[in-house]
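Starting from the known structure of chain A, fit chain B onto it as the hints suggest.
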Amino acid sequence: MKWAYAVAAVGALVLPVVLAPGQLTVFILLGLSAMAVVGLSLLMGYAGQVSLGQAAFTALGAYTSGLLSLHHAPPLLALVAAPVAAALAAVVVGVPILRLRGHQLAFATLALQILLLSVLSGAQWAGGAVGLQGLPYLSVGGFELDQDLDYAYLVVGGVLLVSLIAHRLVHSRVGRGLRALATGEMAAEASGVPVGAYRLLVFAVSAAFAGLAGGIYCFFLGYLAPGSFPVLLSIEYVVMAVVGGLGSIAGALLGAALITVVVQLLTSLATQPGMPSYAPSVLSYAVYALLLIAVVLFVPKGIVPTLRRSL
Amino acid sequence: MGELAQYLVTGVGLGCAYALTGSGLVVIYRVTRVVNFAQGSFAVLGALTVTTLLAAGLPHGVAEGLGVLLAGLVGVLVGVVATGKPGTTPQAGLIVTLGLGVFAYAVEIFFWGDQPRSFPGLPGAVGGIQTHYLLIIGVTAVVLGATALLFARTDLGRALTATAADPYAARAVGIDVVRMGLFAFAVGGALGGLAGVLITPVQQVSFDSDVALVVSGFSAAILGNLTRPGLTLVGGLLLGVVQALVGGYLSTAYQSEVALIFMLVVLIARAGRRDLVEAA
Numbered sequence: 021m022k023w024a025y026a027v028a029a030v031g032a033l034v035l036p037v038v039l040a041p042g043q044l045t046v047f048i049l050l051g052l053s054a055m056a057v058v059g060l061s062l063l064m065g066y067a068g069q070v071s072l073g074q075a076a077f078t079a080l081g082a083y084t085s086g087l088l089s090l091h092h093a094p095p096l097l098a099l100v101a102a103p104v105a106a107a108l109a110a111v112v113v114g115v116p117i118l119r120l121r122g123h124q125l126a127f128a129t130l131a132l133q134i135l136l137l138s139v140l141s142g143a144q145w146a147g148g149a150v151g152l153q154g155l156p157y158l159s160v161g162g163f164e165l166d167q168d169l170d171y172a173y174l175v176v177g178g179v180l181l182v183s184l185i186a187h188r189l190v191h192s193r194v195g196r197g198l199r200a201l202a203t204g205e206m207a208a209e210a211s212g213v214p215v216g217a218y219r220l221l222v223f224a225v226s227a228a229f230a231g232l233a234g235g236i237y238c239f240f241l242g243y244l245a246p247g248s249f250p251v252l253l254s255i256e257y258v259v260m261a262v263v264g265g266l267g268s269i270a271g272a273l274l275g276a277a278l279i280t281v282v283v284q285l286l287t288s289l290a291t292q293p294g295m296p297s298y299a300p301s302v303l304s305y306a307v308y309a310l311l312l313i314a315v316v317l318f319v320p321k322g323i324v325p326t327l328r329r330s331l
Numbered sequence: 268m269g270e271l272a273q274y275l276v277t278g279v280g281l282g283c284a285y286a287l288t289g290s291g292l293v294v295i296y297r298v299t300r301v302v303n304f305a306q307g308s309f310a311v312l313g314a315l316t317v318t319t320l321l322a323a324g325l326p327h328g329v330a331e332g333l334g335v336l337l338a339g340l341v342g343v344l345v346g347v348v349a350t351g352k353p354g355t356t357p358q359a360g361l362i363v364t365l366g367l368g369v370f371a372y373a374v375e376i377f378f379w380g381d382q383p384r385s386f387p388g389l390p391g392a393v394g395g396i397q398t399h400y401l402l403i404i405g406v407t408a409v410v411l412g413a414t415a416l417l418f419a420r421t422d423l424g425r426a427l428t429a430t431a432a433d434p435y436a437a438r439a440v441g442i443d444v445v446r447m448g449l450f451a452f453a454v455g456g457a458l459g460g461l462a463g464v465l466i467t468p469v470q471q472v473s474f475d476s477d478v479a480l481v482v483s484g485f486s487a488a489i490l491g492n493l494t495r496p497g498l499t500l501v502g503g504l505l506l507g508v509v510q511a512l513v514g515g516y517l518s519t520a521y522q523s524e525v526a527l528i529f530m531l532v533v534l535i536a537r538a539g540r541r542d543l544v545e546a547a
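Sequence order for the protein chains is A and B.
Be aware that the first sequence starts at 21, since it is given in this note's numbering, and climbs by one per residue.
Be aware that the second sequence starts at 268, since it is given in this note's numbering, and climbs by one per residue.
None of these hints come from the bench; they were simulated from the model.
The C-beta atom is built at its ideal place from N, Cα and C for all residues, glycine as well.
Be careful, since some hints might not be right.
Residues of chain A placed beyond 10 Å of chain B at every Cβ, according to the derived structure [stated by the list, open to error]:
no., residue
1, LEU90
2, LEU96
3, ASP166
4, GLN167
5, SER192
6, GLY204
7, ALA210
8, LEU221
9, THR280
10, GLN292
11, ARG328
A few chain B residues that face chain A, going by a derived Cβ cut-off under 8 Å, partial list only [claimed, not checked]:
no., residue
12, VAL348
13, ALA359
14, LEU361
15, VAL363
16, LEU365
17, GLY366
18, LEU367
19, PHE370
20, TYR372
21, PHE377
22, GLY380
23, ASP381
24, PHE418
25, VAL478
26, VAL482
Here chain A stands alone, though its shape is the one from the complex:
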């Protein structure tokens, strides 16, 4: 598997330079998805919980950064505040809702995201349904990140940071406790694993990753609206996590890359002259759906864990 990491690393460093401007945007959005998906994959793989609200934390991070920088906070501080705010929110809602299991948690997280979206679209201070506009670029000590290329490397750094934190977490005492938790909650609890605290920790970490993605997103695009973070975005994250393989960091990265690239290829195919106007959305929905169903039924562990076992 070592060579795969090497290929990915070289690709992540070289691609931003060689990609055309439109493709660079896709690359950046892919990286942002990957960050949120690494978190979701940890949550679903290690805490065994289906969350249909991961994009809520992306939205929280993005709005935190956006509001702070509109109110003239230093941009770097605004960016750092994004994951912190998302994690805090996760701790607050996590205490009551992490007592839920399976489909109950799935619906509860979905409900929280819809509630957040409707609060945001009704809130004057958050720009309502129009959202926040005219956000400044990210700047660090006089150096302004105003090129797509800057953001591409920022995102590569973000993905790396998130993956390292996830890796450390998985291979720590907490990670071992969580693995015990995933195989048998009762047994783990009896052996002294602080089940509730660990579960809350993973939830907060996973939210922080999504929040950081949201923070970068806000500086990269320069505008935000509740519509930028639809329920469907959460479902896309789930598709990416499941396809790549739950609980696997490499799986999360591969899942995000695979889905983004396939959907992008189909979209460029569907926007060829002569194709009907509905073709892009029809094709991308069909791809999300068919990949998700096929993987759940026929590769239930996801691509990366399955490959790893057969190699």
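Frame of chain A, contents of chain B only:
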């Protein structure tokens, strides 16, 4: 007073749609243990089909009936994909139905585009209340009554209940458990389709209306822990009436949040007693 009565009838009408959607979830969950996330898609598919059939000149009644029938057939298809492969866990089934719900988007946009659609319902008004709401209430009462009879009084219904209670024992006495699961999906699909067909004349439907519908249905059904049809009806009506009152007296902006908050409160309140429920 007239205003209050109007809100109440509107609320009960809306609540009937939630109760139908929720009952579909309950029927499927009881027999297969799958929480069918595609439940809202049945309603959307049924309603969109009716718009096409009416445009093609079919009379009212026939078009609506065919829409519900189609939703039932789609229910069977969803059941085949979500439970057909041996060894598929209910958790995997939930994710598969999530995928099927997204697949329905592709189908719906392909055939009907992404703009909201509607069709006329029963025209006229009685005492300031749209007659169509009375139709919704009447049809729901008859259909849920018939469903209850089906489960309580027929051999098929008893076989379904047996499968819900203990699939292993049901198989031992010669009940085809997989077939019962598919039948449950057919009933669930038809109930969902009926909800969509009934509600569309008073509330436009578009391809992504399914999320709001499935969430409302789930909120209704969660009161009875997804297994009790009676409480699902109560939950649906309660939600509908509270929504109508909130929309009427406070603000329509907070209407759809009522179901979500209700669901969260019931879930969290129940989670405290979960260990007891699981042990039982």
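Hints versus structure:
1. LEU90: A:LEU90 is indeed farther than 10 Å from all Cβ atoms of chain B, at 24 Å.
2. LEU96: At roughly 35 Å from the nearest Cβ of chain B, A:LEU96 sits farther out than 10 Å, so the non-interface label holds.
3. ASP166: holds (35 Å)
4. GLN167: The claim holds: A:GLN167 sits with its nearest Cβ about 34 Å from chain B, beyond 10 Å.
5. SER192: Holds, since 27 Å exceeds 10 Å.
6. GLY204: Correct as stated: the minimum Cβ-Cβ distance to chain B is 15 Å, above 10 Å.
7. ALA210: holds (15 Å)
8. LEU221: Check passes; 19 Å lies beyond 10 Å.
9. THR280: holds (16 Å)
10. GLN292: The claim stands: A:GLN292 keeps its Cβ more than 10 Å from every Cβ of chain B (closest is about 17 Å).
11. ARG328: The claim stands: A:ARG328 keeps its Cβ more than 10 Å from every Cβ of chain B (closest is about 21 Å).
12. VAL348: holds (7 Å)
13. ALA359: Interface hint status for B:ALA359: holds (5 Å vs cutoff 8 Å).
14. LEU361: holds (6 Å)
15. VAL363: For B:VAL363, the interface hint holds, since the closest Cβ of chain A sits about 5 Å away, which is under 8 Å.
16. LEU365: holds (7 Å)
17. GLY366: With a closest approach of 4 Å, the B:GLY366 hint holds.
18. LEU367: Hint holds; B:LEU367 Cβ to chain A Cβ min 7 Å, cut 8 Å.
19. PHE370: Holds - the Cβ of B:PHE370 comes within 8 Å of chain A, reaching about 3 Å at its closest.
20. TYR372: holds (4 Å)
21. PHE377: OK, holds: B:PHE377 within 8 Å of chain A, min 5 Å.
22. GLY380: Status holds, d = 6 Å.
23. ASP381: holds (7 Å)
24. PHE418: Violated - the Cβ of B:PHE418 stays beyond 8 Å from chain A, reaching only about 22 Å at its closest.
25. VAL478: holds (6 Å)
26. VAL482: With a closest approach of 6 Å, the B:VAL482 hint holds.
Checked against the numbered hints above, the structure violates only hint 24.
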